[in-house]
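Participant: Residue numbers (this note's numbering), protein chains in the order written: chain P, 22 to 362; chain D, 57 to 445; chain S, 35 to 353.
In case anyone wonders, no lab produced these hints; they're calculated from the structure.
Don't be surprised by glycine CBs; every beta carbon is placed ideally from N, CA and C.
Do not take every clue at face value.
To be verified - Partner residues aside, some chain D positions facing chain P, computed with beta carbon under 10 Å:
(1) E112
(2) I114
(3) K149
(4) N176
(5) T423
Said to hold, decoys possible - In the DSSO-like style, the derived pairs of lysine-lysine whose C-alpha atoms are separated by at most 30 Å in a straight line are:
(6) P/K319 <-> S/K149
(7) D/K250 <-> P/K319
(8) P/K319 <-> D/K308
(9) D/K149 <-> D/K179
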Amino acid sequence: MRRFVPHLLYALLCLLILVAVESNLLNAYLQLIIMFMGVNIILSTSLNLVNGYMGEFSVGHAGFMAVGAYITSVLNVWLFTSDRVFGAAVLPPSSVLYLFPVTLLMGGIGAALVGLLVAVPSFKTRGDYLAIITLAVNYIVKSSIENIQGIGGARGFMGMRSVVNAMQAIADIPWIMIWVFAVTGLSVWIIYRFVNSTYGKGVVAIRDDEIAAEIMSVDTRRIKMTAFMLSSGLAGVAGGLFAHILGYINPGTFTIMKSTEIMVMVYLGGMGSLSGSVLSAIGFTVILELFRPLQVAKWVVIPLLLILLMLFRPEGLLGNRELTDVFPRLRRMLAPQGRRA
Amino acid sequence: MRRSVLTMALVVLVTVFSSPFSWSAETIKVGFDIPLTGDIPQVGESSKYAAEMLKEQINGAGGVSVGDKTYQLEFIYEDNESKAESATAAALKLITQDQVLAVIGPQASKQAVPAGEICNSFKTPMISPWSTNPQTTLDRPYVFRACFLDPFQGPVAANFVTQEFGAKKAAVLYDIASDYPKGLAEYFKAAFEKIHGPGSVVAFETFTTKDRDFSAQLTNIVKSGADILFLPQYYDEVPLVVKQAQELGWKKPIMGSDSWGSAELMKLCGEACYGYFFSTHYAAAGAEGATKEFIDQYNSKYGYVPDDVAALTWDATRLLLDAIKNTNGLTGNIEKDRDAIKDQLGKIKDFEGITGKMTFTPEGDPTKCAVIVKISDKGEFEFFKSVCP
Amino acid sequence: MWCRQWEVVLNFEMLIQNLLNALQWGSFYALIALGYTLVYGVLLLINFAHGDIFMVGAYIGFFLATLFLGQYAFALPFALPPPMIFVVTLLLTMVLTAFAGVTLERVAYRPLRRKGANRLYVVITALMCGLILENGNLALLGASRRNFPQLLSNTVYSIGEITFSDVKILVILTTIGVFLLLEAIVRKTKLGMAMRAISYDRMAVPLMGIPVDTVIVFTFALGSAMAALAGVLFATAYPVLEPYMGALVGWKAFIAAVIGGIGEIRGAFAGGFLLGFVEIFVAAFFPSTLRDLIAFSILLVFLSIRPTGIFGVARATKI
Numbered sequence: 022m023r024r025f026v027p028h029l030l031y032a033l034l035c036l037l038i039l040v041a042v043e044s045n046l047l048n049a050y051l052q053l054i055i056m057f058m059g060v061n062i063i064l065s066t067s068l069n070l071v072n073g074y075m076g077e078f079s080v081g082h083a084g085f086m087a088v089g090a091y092i093t094s095v096l097n098v099w100l101f102t103s104d105r106v107f108g109a110a111v112l113p114p115s116s117v118l119y120l121f122p123v124t125l126l127m128g129g130i131g132a133a134l135v136g137l138l139v140a141v142p143s144f145k146t147r148g149d150y151l152a153i154i155t156l157a158v159n160y161i162v163k164s165s166i167e168n169i170q171g172i173g174g175a176r177g178f179m180g181m182r183s184v185v186n187a188m189q190a191i192a193d194i195p196w197i198m199i200w201v202f203a204v205t206g207l208s209v210w211i212i213y214r215f216v217n218s219t220y221g222k223g224v225v226a227i228r229d230d231e232i233a234a235e236i237m238s239v240d241t242r243r244i245k246m247t248a249f250m251l252s253s254g255l256a257g258v259a260g261g262l263f264a265h266i267l268g269y270i271n272p273g274t275f276t277i278m279k280s281t282e283i284m285v286m287v288y289l290g291g292m293g294s295l296s297g298s299v300l301s302a303i304g305f306t307v308i309l310e311l312f313r314p315l316q317v318a319k320w321v322v323i324p325l326l327l328i329l330l331m332l333f334r335p336e337g338l339l340g341n342r343e344l345t346d347v348f349p350r351l352r353r354m355l356a357p358q359g360r361r362a
Numbered sequence: 057m058r059r060s061v062l063t064m065a066l067v068v069l070v071t072v073f074s075s076p077f078s079w080s081a082e083t084i085k086v087g088f089d090i091p092l093t094g095d096i097p098q099v100g101e102s103s104k105y106a107a108e109m110l111k112e113q114i115n116g117a118g119g120v121s122v123g124d125k126t127y128q129l130e131f132i133y134e135d136n137e138s139k140a141e142s143a144t145a146a147a148l149k150l151i152t153q154d155q156v157l158a159v160i161g162p163q164a165s166k167q168a169v170p171a172g173e174i175c176n177s178f179k180t181p182m183i184s185p186w187s188t189n190p191q192t193t194l195d196r197p198y199v200f201r202a203c204f205l206d207p208f209q210g211p212v213a214a215n216f217v218t219q220e221f222g223a224k225k226a227a228v229l230y231d232i233a234s235d236y237p238k239g240l241a242e243y244f245k246a247a248f249e250k251i252h253g254p255g256s257v258v259a260f261e262t263f264t265t266k267d268r269d270f271s272a273q274l275t276n277i278v279k280s281g282a283d284i285l286f287l288p289q290y291y292d293e294v295p296l297v298v299k300q301a302q303e304l305g306w307k308k309p310i311m312g313s314d315s316w317g318s319a320e321l322m323k324l325c326g327e328a329c330y331g332y333f334f335s336t337h338y339a340a341a342g343a344e345g346a347t348k349e350f351i352d353q354y355n356s357k358y359g360y361v362p363d364d365v366a367a368l369t370w371d372a373t374r375l376l377l378d379a380i381k382n383t384n385g386l387t388g389n390i391e392k393d394r395d396a397i398k399d400q401l402g403k404i405k406d407f408e409g410i411t412g413k414m415t416f417t418p419e420g421d422p423t424k425c426a427v428i429v430k431i432s433d434k435g436e437f438e439f440f441k442s443v444c445p
Numbered sequence: 035m036w037c038r039q040w041e042v043v044l045n046f047e048m049l050i051q052n053l054l055n056a057l058q059w060g061s062f063y064a065l066i067a068l069g070y071t072l073v074y075g076v077l078l079l080i081n082f083a084h085g086d087i088f089m090v091g092a093y094i095g096f097f098l099a100t101l102f103l104g105q106y107a108f109a110l111p112f113a114l115p116p117p118m119i120f121v122v123t124l125l126l127t128m129v130l131t132a133f134a135g136v137t138l139e140r141v142a143y144r145p146l147r148r149k150g151a152n153r154l155y156v157v158i159t160a161l162m163c164g165l166i167l168e169n170g171n172l173a174l175l176g177a178s179r180r181n182f183p184q185l186l187s188n189t190v191y192s193i194g195e196i197t198f199s200d201v202k203i204l205v206i207l208t209t210i211g212v213f214l215l216l217e218a219i220v221r222k223t224k225l226g227m228a229m230r231a232i233s234y235d236r237m238a239v240p241l242m243g244i245p246v247d248t249v250i251v252f253t254f255a256l257g258s259a260m261a262a263l264a265g266v267l268f269a270t271a272y273p274v275l276e277p278y279m280g281a282l283v284g285w286k287a288f289i290a291a292v293i294g295g296i297g298e299i300r301g302a303f304a305g306g307f308l309l310g311f312v313e314i315f316v317a318a319f320f321p322s323t324l325r326d327l328i329a330f331s332i333l334l335v336f337l338s339i340r341p342t343g344i345f346g347v348a349r350a351t352k353i
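The following block holds chain P by itself, in its conformation from the complex (with noise of 0.2 Å):
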């Protein structure tokens, strides 16, 4: 029983935030930056999982968000809502509610099979040459989105909002921040598991030392492949939550400085930290809004608060441990199976 702490917590604190969205206590303002939130934790750590365990240097993260982003979007118009560009709805509108995670499931699959782009160019190169090509990576997704002119092309995509209507149609509950809720924490459970597997191990001796581990038998290609994917499915699935949040997508969204925004929340928590990357994700989303007042100085500040960063912690803020590694009491609450393997 004890093993299942955290899990409540977490149930407890998203049932906490719902009951204050149903009573009106958070506008909708604050229900958005919550939503983001959660988005930008799933791809934080997506990251962290290629760029901290792994010791990668991928730089084209916002490229499987798009993928994702897209299928999610024009499979849930296309079937779920009657839309100008594709007709009347396939499937009755009130089956999108058991058909969302299906449709997000194949929007994380489509980014999953774009890793693989990614993936088998590191089999050969490491450093800045993957740096390079995850950097084409991402503008070929959004060159090819673009150059699709049926789903607007550089003009975006719309028309997730008619889907969220069609989920409310049935209960008027925020859905969206409920899916958002479960996918966020099912995506960091996922990832925790994952790093405390026997991939997490080999992930961490790739990272180390590439040779030896493959010296000791353990099948580097295989976990490259693995991670990449998981990293980039994952990845997908939060472009498929952003879509129907913002309800709107364009590939003007997906560019080099989104992945930049998310390698920023890596580095900020620590890379090979999943709680440091938890908290980085919160925290920089508190902190793109706090500085909105600023304007334009906004992104002179950042990047100038980064680099001072970089000068004197340059490990982030929790370097490679785990918050259960900080404070010490949290490991007797929350992990009680013993050390951090």
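With chain P's structure known, arrange chains D and S on it following the hints.
Facilitator: Just chains D and S now, with coordinates in the frame of chain P:
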């Protein structure tokens, strides 16, 4: 270390949760979703200046009286950076965090079309002063506009080049990544081919936003033997295209559209643009009555003659304020108020705008005339002729 | 429509015209790629702020040109003819931008190098510096577009159906001249030899009495000066300046440097012209939106087959 982390977290949480609770004074809040930075900052500046001028004028006279209460005006400006995703984020912020009664803008269709989706789904009235693409208001009961549409502007341009230059073959160069140029290029092509037969648009070249070099496309255009070049682009791209076209040997006329009409066009284009024409919403030269008053007021306050964006923003904001007055009383419940304003906007008849009289069709569009402007040999915008539907 | 355009391919004059277009457009990529290549060869660092140094160069050129034209209160005692202003502006901009590049190195990269920080952190710092330069420009100078004054006569010549302006020829000839000059510097001077030495073996170089810091400063200065040259020429050919002009051009030039083989000067030029050709010829025959897609796909395919680029040399790492 632990205590400082906890206090910091507490401070952050308090700041976040306290910011939306703004004190509600007796003000009418209107949001402006305009491009203050990005590709076309002059458009954002014109919008902001015109709005500020109106606000000072009205607040100085005591405010807006709705029913039996008087309110001061509060305008909130959000920068959409001339990007579609920022425009939707700005609209969201204005609607949810700032709790505005209505949104004015965005100006460019590329931002107006997605932002209109957001405003419509959040049931907030939106008036776009300058967006001419029909998709901004299509099927959106809460979205209106203050200008004519591209299905009207395309044929105006096609007819004009046929009559004025005797053009039988046309070339078009447009940005395929942006709603306005793409839509207008297609309407122009359809109208021109209706007059001169299919295939009379001999070059239909595209580029992407932020492209700087058009030599490949312009080479095709020069070789195609067209009589005129139609260029429905914004004022920051026109100088580049015009100069490169001339460098590649293009000596024939170039026709523009209402996106050319910015106050900064001649500063960037200079002599290269002398002698070209474009269609727009109003011509400052030769204006009379209320229009002339507006031009003089703006000129004396800001030092330059206002462009069509400023005039349209002035009209759009006054339209909104009229609709608010016609509700005969704001309840304070923001959802009811937004609905009431939207209903009143739909009922407006023969509004006396400085850019023309406006009555809204059921789709939320006014029927207005277009003005063809010539760029004189002194670099001024001269009124050439007016075309009405 | 596609058939007609393939007919056009066979039109020899269009081919030559597009060739000229491509050479000019590729020259800018080549000049900026040079900066990336030089810095990478010496420091093994991808200087992501380099595209913004290009933008800084263009803006410095703009302010100097308008200053010399007397558009500010301060006017020179004698009026210079515009082509002279162009030359003076160009040289002065190169010097000032070199200063800017060196300052960047001093302030942002050297402290991290001293601490022996992981190369990753330096790269992130470079990205952030780029952002600061762009947004700082936006914050300080405002968003309105600047018009670079016309300093060269911009006469249009035509040979048969091929038209070009003198600016186009100037850009192409300047780039070829710079290439020859740099090859001479790197192969014939001592400083050039030191630069090549550092790229072979970083540890041994200080042991041989070569001041590493001086060489690094020289590299940054040279790279930034080349970017400034590209900036002023770019502003002359495309006279609308904006704060983010360096961003996209910078990334594309980086790709050009990688395709050519990062660390090799010949590679920067080859990659730059190659990318220019690809972009212009794609835009001539296909819709322009396919341009980025094809360029990046070529990069990906190329890197999968030959990761070190056209002229690059594979580095062996000892375990």
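Participant: Look at each hint and say if it fits the structure.
Facilitator: Comparing the hints with the structure gives:
no.	hint	result
1	E112	violated, 22 Å
2	I114	violated, 26 Å
3	K149	holds, 7 Å
4	N176	holds, 8 Å
5	T423	violated, 24 Å
6	P/K319 <-> S/K149	holds, 29 Å
7	D/K250 <-> P/K319	violated, 51 Å
8	P/K319 <-> D/K308	violated, 46 Å
9	D/K149 <-> D/K179	holds, 14 Å
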